[in-house]
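Engineer: Residue strings, one per chain:
2 protein chains.
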Amino acid sequence: MHHAPLPPRAPLDPAFLESLKARFGSQLHLTEAMREQHGRSETHFPTALPDAVVFARSTEDVVDLVRLCTEANVPIIPFGAGTSIEGNTLPVRGGVSVDLSEMNAILTVNAEDFDCTVQAGVRREELNLHLRDSGLFFPIDPGANATIGGMASTRASGTNAVRYGTMREAVLSLTVVTPDAKVIRTSRRARKSAAGYDLTRLFVGSEGTLGIITEVTLRLHPIPEQISSAVCGFESLQGAVDTVVQSIQLGVPLARVEILDAMQIRAVNRWSKLALPEVTTLFFEFHGSPAGVAEQIATVEALAQGNGGGDFAWSNLAEERARLWKARHEAYYAAVNMRPGAVGWSTDVCVPISRLPDCILETQADLAKASVPATILGHVGDGNFHVIFSIDPNAPQEMEEVSAINARLVERALAMDGTCTGEHGVGIGKQEWLVAELGDAVDIMRTLKRALDPRDLFNPGKIFAL
Amino acid sequence: MHHAPLPPRAPLDPAFLESLKARFGSQLHLTEAMREQHGRSETHFPTALPDAVVFARSTEDVVDLVRLCTEANVPIIPFGAGTSIEGNTLPVRGGVSVDLSEMNAILTVNAEDFDCTVQAGVRREELNLHLRDSGLFFPIDPGANATIGGMASTRASGTNAVRYGTMREAVLSLTVVTPDAKVIRTSRRARKSAAGYDLTRLFVGSEGTLGIITEVTLRLHPIPEQISSAVCGFESLQGAVDTVVQSIQLGVPLARVEILDAMQIRAVNRWSKLALPEVTTLFFEFHGSPAGVAEQIATVEALAQGNGGGDFAWSNLAEERARLWKARHEAYYAAVNMRPGAVGWSTDVCVPISRLPDCILETQADLAKASVPATILGHVGDGNFHVIFSIDPNAPQEMEEVSAINARLVERALAMDGTCTGEHGVGIGKQEWLVAELGDAVDIMRTLKRALDPRDLFNPGKIFAL
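In the order they appear, the protein sequences are chains R and Y.
Letter by letter, the first sequence follows residues 1 to 466 of my numbering.
Letter by letter, the second sequence follows residues 1001 to 1466 of my numbering.
If we strip away everything but chain R, and leave its shape as in the complex, we get (with noise of 0.2 angstroms):
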């Protein structure tokens, strides 16, 4: 995929700009650093700046704010972590990015309801270090220690997916700011409800085109009594995937497992100082009872001694266990530093389970004809991973090189049923293949869009261009 240069655009209404600082002071920037820092995607993405950035510190804040940019016909753009991996936060109109970084108070923490609302700036690990005496947890975790309300924005996943869901599981219910600068609550806290659409859902995934959200109810889960990690080597990418296949089919609750291939394995390694051998990876985890994990444990291993795998190594200590799954969670890192300066572009695919050894198979045969460097790591429970090329910026053929790669990936998996973004949302970059994959599905998209956001201001030029 192509990126034409942006547009040239007006600078904003000097109005709209007094009106801005009246309201926001201090929380108002306008400083090209501070443009830059919200103009800036963690992958390929070229850059592009806000008019404006403005720091919310409540609903009310934003409210303000929704107000004020839809009177003046300007773009508004929310902001939690700029972790995103498919331009989501990119302000390709301009406009106002509106940054909730601030807004990170742990509201309510129910315990007994095994439930949380949080401001939607709070990160996901200042969140479990906030739970952990409560005896709860909250699993959802992509690699970037991302915001809340930016991973219920691009419906985010992570490791633990495979057990306890996505955020299309853990968020119960969400206070979101409407284009019509109303505060509405997507839903009650009980744990179930029949009353009416699904907006919770609709919400989570709609990257900020629909409104902002300011507040998110999660779904937590008990700290299990027994955590066990361990990693295993096998000789084959086909050998650990069927190990995986035929744990679930035996109805073993496996809480984590992740495949990495012998190169992404070598740059975790290089990144996080392990020794781990240089083959097709598995790193596990198991959560429950003492007598349960045994015999998750048991069943697991028997089966990968006959899918060729090796020794499990274990991580059964919290220190050795964080750092493992540290390495693991900045595996997207260790990859694109293996090449000093490259820029780092991930894909995102995911299939149903059983094709997963034939997408995977056929993707590393397309990717040893490939001049870029790449590595594959995957949650290979759920039949999703990643391709994360390292590209050198200053070498333009690269970059076609990948995207055709892509191309050849992401139709690769749409033949088998499956979707071209996982857990990254749409965002610019997958913004064709939405089309191949969901065809006239996508207008009633449009048309939901256009019915909540007539004017096209919330976020702009996302998820599909108006």
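In short, the hints are calculated from the structure, not lab data.
Among the clues, some could well be false.
Unchecked claim - A short list of chain R residues far from chain Y (calculated; beta carbon distances all over 12 angstroms):
1. L17
2. M34
3. G165
4. Q305
5. P340
6. E362
7. T419
Unchecked claim - Cross-link-like lysine to any residue pairs, in silico, SDA-like; alpha carbons within 20 angstroms at most:
8. Y/K1182 x R/K326
9. R/K182 x Y/V1435
10. Y/K1182 x R/A436
11. Y/K1182 x R/M263
12. R/K182 x R/L452
13. R/K273 x R/M263
14. R/K182 x Y/D1443
15. R/K182 x Y/R1450
16. R/K182 x Y/T1447
17. R/K326 x R/L129
18. Y/K1182 x R/D443
19. Y/K1182 x R/T447
20. Y/K1182 x R/G439
21. Y/K1326 x Y/L1131
22. R/K182 x Y/D1440
23. R/K182 x Y/R1446
Stated by the list, open to error - Derived list of chain R stretches under chain Y, where covered just means 3 residues or more per stretch with a C-beta under 8 angstroms from a C-beta of chain Y:
24. 143-153
25. 180-192
26. 197-203
27. 219-226
28. 288-296
29. 349-355
30. 379-385
We treat Cβ as the ideally placed atom computed from N, Cα and C, and that holds for glycine.
Dock chain Y against chain R, hints included.
Structural biologist: Relative to the frame of chain R, chain Y by itself:
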């Protein structure tokens, strides 16, 4: 809530009727008996006849019917098994009831991927019969043997939701005929996706007001190696609920846990020829490996003993288990049949589980003053319970009395951050409560409805009156 008599309607346009006859032949029914069958509710709502009934046999039939109805400005109301509780399928503005019960093919079962695709008219019991040899099962089980399409439309759940979720989690993808007579598929078959707005979840629970579901792709689960069911009587309701909350807090993965009060046990004993002690009782089911189930049981038995529970009466044989859960599924009919000639009314609040004891106890105190017989049963692990009233249809003051009790119950649940409808949907019966529950969010729902169905022809008068 009072239901005024329906306004008189003009008969169907003869030209429209001719076009229906030409296209649908023997699939079209105009007899009083057939219209009665599609204009009746299982509960207390007045009959509302459709002008015609069409039995669809394919998605193409539905497309053509939608085209004819929209051209002629005639309402179209999807109908499955007709077992909904809130008047969800009643043609309150006339029109064509499209009966999907003959679209009952199981299209594909992908055992390796734990999913299947079925036509909307397949019933849940038939699906599980079909799946038995695959080692998989479909867990969602409302009391009635409902159709999968109807269950998706009302976001139904049942006794397994505490472990396996509701139709919100169970539906992977839908085929929908939209109001502009297009056929869309809302998602691919991958287990997770971040591909734009979550249309699957938007249509789940939309009660036929945004389009007509013709096919459903469902998540399945492996049949557990060990299944054990038990009943346990308690000295107090508080003790029963505390046992459940404490079990969940300890991470026991209860598959089913249902509460029945003494009156409901009396009704079940009579209807299903059981001999359970007539006290507040929990029905349990445990799923897992033999060792895992034994561990779960030991934990829960110890908690029950500490909370005034009696001995567990076990049903380990498949036939015994089936008898127990059949009795539970027929509890609504059992309750209503306690009073000859009575009409049933089932309430459906769901609250955060920490509030459940207070919610039930306050409701019991209110019921103690009532003149209409009532039982209580519920999905205690979800915080969802039903009061089932048996109303004399010839005593209007009984309907008034139940309406007032239900109003107090819903207000009580809303004050506890609960919902007016845990699993029955909004239909006709919960419209004013939906607004009390979600306020301005209902305006967003209306906006979505108007955008997708601007002439209000799809199941008009449900969820909200436009």
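Engineer: Next step is simple, just say for each hint if it's right about the structure.
Structural biologist: Evaluation of the provided hints:
1. L17: Check passes; 30 angstroms lies beyond 12 angstroms.
2. M34: Since the minimum Cβ distance to chain Y is about 28 angstroms, R/M34 lies beyond 12 angstroms and the statement holds.
3. G165: For R/G165, whose nearest Cβ neighbour in chain Y is about 8 angstroms away, the distance does not exceed 12 angstroms, so it is violated.
4. Q305: holds (19 angstroms)
5. P340: Non-interface label stands for R/P340: nearest chain Y Cβ at 31 angstroms, farther than 12 angstroms.
6. E362: Since the minimum Cβ distance to chain Y is about 17 angstroms, R/E362 lies beyond 12 angstroms and the statement holds.
7. T419: violated (4 angstroms)
8. Y/K1182 x R/K326: violated (47 angstroms)
9. R/K182 x Y/V1435: Roughly 15 angstroms between the alpha carbons, so the hint for R/K182 and Y/V1435 holds.
10. Y/K1182 x R/A436: OK: Y/K1182 and R/A436 at ~17 angstroms, within 20 angstroms.
11. Y/K1182 x R/M263: violated (46 angstroms)
12. R/K182 x R/L452: The hint holds at about 12 angstroms.
13. R/K273 x R/M263: holds (15 angstroms)
14. R/K182 x Y/D1443: Holds - the C-alpha atoms of Y/D1443 and R/K182 are around 10 angstroms apart, at most 20 angstroms.
15. R/K182 x Y/R1450: With a Cα-Cα distance of about 19 angstroms, the restraint between R/K182 and Y/R1450 holds, given a limit of 20 angstroms.
16. R/K182 x Y/T1447: Between R/K182 and Y/T1447 the Cα gap is close to 14 angstroms, so the pair holds against 20 angstroms.
17. R/K326 x R/L129: OK: R/K326 and R/L129 at ~15 angstroms, within 20 angstroms.
18. Y/K1182 x R/D443: holds (10 angstroms)
19. Y/K1182 x R/T447: Cα-Cα ~14 angstroms, so holds.
20. Y/K1182 x R/G439: Satisfied, since the Cα-Cα distance of roughly 11 angstroms is no more than 20 angstroms.
21. Y/K1326 x Y/L1131: Holds - the C-alpha atoms of Y/L1131 and Y/K1326 are around 19 angstroms apart, at most 20 angstroms.
22. R/K182 x Y/D1440: Roughly 8 angstroms between the alpha carbons, so the hint for R/K182 and Y/D1440 holds.
23. R/K182 x Y/R1446: Judged against 20 angstroms, a Cα distance of about 15 angstroms means the pair holds.
24. 143-153: violated (count 0)
25. 180-192: holds (count 11)
26. 197-203: Held - the stretch 197-203 of chain R has 5 residues with a Cβ nearer than 8 angstroms to chain Y, which meets the minimum of three.
27. 219-226: holds (count 3)
28. 288-296: holds (count 5)
29. 349-355: holds (count 5)
30. 379-385: Coverage by chain Y holds for the stretch 379-385 of chain R (3 residues, Cβ < 8 angstroms).
Checked against the numbered hints given earlier, this structure breaks hints 3, 7, 8, 11 and 24; the rest are met.
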